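Asker: Take the given structure of chain A and dock chain B to it, following the hints.
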Amino acid sequence: MIGTARAILRKDLTIELRTKESVPAMTLFTVVVFVLFHFGLDRDALDGDLASGVLWVTLLLAAVIGVSRLFATEREQGGLDGLLLAPVDRTALWLAKAAAMFLYLTALELVAVPTFALLLLAPDLLPALPLLVVTLLLANVGLAAIGALVSALAVETRARELIVPLLLLPLVVPLLIAAASVTAPLLRGSQDPEDLGRWLGLLSLYDVVFVLIALAVFDFLLDD
Amino acid sequence: MAAIELERVERRYGDRIALAGVTVRIQGGETLAVLGANGAGKTTLLRLLATLLRPHGGTARVLGSELPDGAWKVRGRIGYLGHDPLLYRELTARENLRYQAGLHGVDTERIGERLAAVGLERRADEPVRDLSKGMVQRLAVARATLHDPDLLLLDEPRANLDPAAAEALEPLIGRASGKTRVLVTHDVEGGLEEADVALGLRGGRQVFCRPAAEVEIATARELYA
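In order, the protein sequences belong to chains A and B. With numbering that gives the first Met the number 0, the residue at position 10 of the first sequence is 9, and numbering never jumps. With numbering that gives the first Met the number 0, the residue at position 92 of the second sequence is 91, and numbering never jumps.
It is worth saying that the hints were derived from the structure and are not from the lab. Source: prediction; values computed, not measured. Backbone N, C-alpha and C define an ideal beta-carbon position, used for all residues, glycine too. A hint or two may mislead.
As the list claims (entries may be wrong) - Among chain A residues calculated to face chain B with C-beta under 8 Å, some are: (1) Arg17; (2) Gly78; (3) Leu201.
Claimed, not checked - Covered stretches of chain B, going by a simulated chain A footprint (3 or more residues, C-beta under 8 Å): (4) 0 to 10; (5) 18 to 28; (6) 57 to 65.
Chain A on its own, in the form it takes in the complex (with noise of 0.2 Å):
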């Protein structure tokens, strides 16, 4: 399955870098965004709770952008059934959809960061920021996952572009308390925030059990 997974994630992100449809689109809308909520709120600087929020509900927003593309190519080009005539795993798509999006969403938050804390956020990162990466890089996980599942689950329906949000955005709101509450504290200055163990240990929670699902169900989503 590893093999298999790896020669998908090898084309998907051969096509994203030739065709830049994905990565580039979903970090064009973070910083619009931010530039948004900088004139939006008519405030210089954010902390604690509201940058928080607002860094979290824009990635948010970004990752549905790159979940409602991830399995386009395949539905375009008819890569799906090339796939199902393969006797392959088909657990290594999901294995490979999710890795990609895992890594698109890195590569986002590599540029969303700095630019979030240039236009709106008020504390110096530098400090918070190593608690920040763990708790991005297991919001990441969780999202892939459930992404990389939606994805699919939309790929052969016509109104795609709105159950990727709709199904989605409630899934990950058990992520987006947990991810907020870690980070807020961190954006107030604070670098020893309380209650740090639990949610983090809720986002790892959140993880395993959507990769679990995932695994278990994967399969049945691609039968006719």
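Answerer: Coordinates of chain B only, in the frame set by chain A:
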């Protein structure tokens, strides 16, 4: 053992019947020509045999495995050439075949052989979007036959091919391949000439299924009236 055995197979899309009462039996190495007008159920039949669709009634046995439960056993033994070439436009011809080789566990050395067999070795490193329709069809043939399948499911395989290209592909998808073939075609005379058994469909229902030599061209043409 028969390569394909269908007994009163049915397939629906919602309430609409796409196939009903289709009964076919062909032996290994034989060719089945599927004839019928647009919407007759030809592509549905091909996708069902390819294990991409489940039968909703009757029994379907392909290469000795009953569908849909035994589908996983036969997937690697089927070469499917449908309407879509199943190629990624942004990847080169070689990259597309390398990807397919990875999925089917095929030695990458065969990629060069297949590219040469379809006459694309000089265009192998160009993106598929830059190739002509005929070249894309040749590459699709290379993709469908890369893993040396036992059963070829071919939907208008010579579409977009000039006569020379069509002749060059004969060893891969023609009778000369020695494979069991299901050939969907609108070329009635050519299809009957090439086939051992002919299946006529109209509105998803079987009109005839008998040795191709016993089917009159006029009878086959009535399917399109």
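Asker: Now, for every hint given, state plainly whether the structure supports it.
Answerer: The hints, checked one at a time:
Among the interface hints, the one on arginine 17 of chain A holds; its C-beta lies about 5 Å from the nearest C-beta in chain B, closer than the 8 Å criterion. At about 6 Å, the closest approach between the beta carbon of glycine 78 of chain A and any beta carbon in chain B falls short of 8 Å, and the interface hint on this residue holds. At a threshold of 8 Å, the smallest CB-CB gap from leucine 201 of chain A to chain B is about 37 Å, leaving the interface hint violated. Under the rule that three or more residues need a Cβ within less than 8 Å of chain A, the assignment of the region 0 to 10 of chain B is violated, with 0 such residues.
With 0 residues having a Cβ less than 8 Å from any Cβ of chain A, the region 18 to 28 of chain B misses the three-residue criterion, and the hint is violated. Requiring three or more residues with a Cβ within less than 8 Å of a Cβ of chain A, the coverage given for the region 57 to 65 of chain B is violated, as only 0 such residues are present.
Hint check: violations occur at hints 3, 4, 5, 6; the rest are consistent with the structure.
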